[in-house]
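**Student:** Sequence:
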Amino acid sequence: MSQGPKAPAPADRGRLVVTEVDVDQTSVGGPAELVEAVLRAPELEAWPVRPGEELTHDGDWEDR
272 MSQGPKAPAP ADRGRLVVTE VDVDQTSVGG PAELVEAVLR APELEAWPVR
322 PGEELTHDGD WEDR
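In terms of this note's numbering, the sequence shown opens at residue 272 and continues consecutively.
FYI, nobody ran anything at the bench for these hints, they're computed from the structure. Using N, Cα and C, we set each Cβ at its ideal position, and we do this for glycine too. Treat the hints with caution; some may be incorrect.
Stated by the list, open to error - Distance windows between CB atoms, simulated:
1. Leu-305 x Leu-326: 12 to 22 Å
2. Ala-282 x Pro-313: 29 to 39 Å
3. Asp-293 x Glu-316: 15 to 25 Å
4. Pro-322 x Thr-290: 14 to 24 Å
5. Asp-283 x Ala-308: 15 to 25 Å
Turn these sequences into a full structure, and let the hints steer you where they fit.
**Tutor:** Take a look at the structure:
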């Protein structure tokens, strides 16, 4: 069974928040200002990801 976004995108699809079932991460997509705010938040471990980049534990260079 597929699990959808925890916070659905608004009607204009200007942002998206998705929590994966099998990994310990949440992906946030949206305008550059939103992404920059998430990256600057000191209480979050966040890094930018481009389409096609690895999102499994093998792609987590921070905690290796």
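**Student:** Now, for every hint given, state plainly whether the structure supports it.
**Tutor:** Against the structure, the hints come out as follows:
1. Evaluation of the 12 to 22 Å hint for Leu-305 and Leu-326 yields a pass: the beta carbon distance comes to about 19 Å.
2. In this structure, Ala-282 and Pro-313 meet the distance hint of 29 to 39 Å, their C-beta atoms being roughly 32 Å apart.
3. One distance hint, 15 to 25 Å for the beta-carbon pair Asp-293 and Glu-316, holds here, with the actual separation near 18 Å.
4. The hinted window of 14 to 24 Å between Pro-322 and Thr-290 holds, with their beta carbons roughly 19 Å apart.
5. The hint said 15 to 25 Å for the Cβ distance between Asp-283 and Ala-308, and at roughly 18 Å that hint holds.
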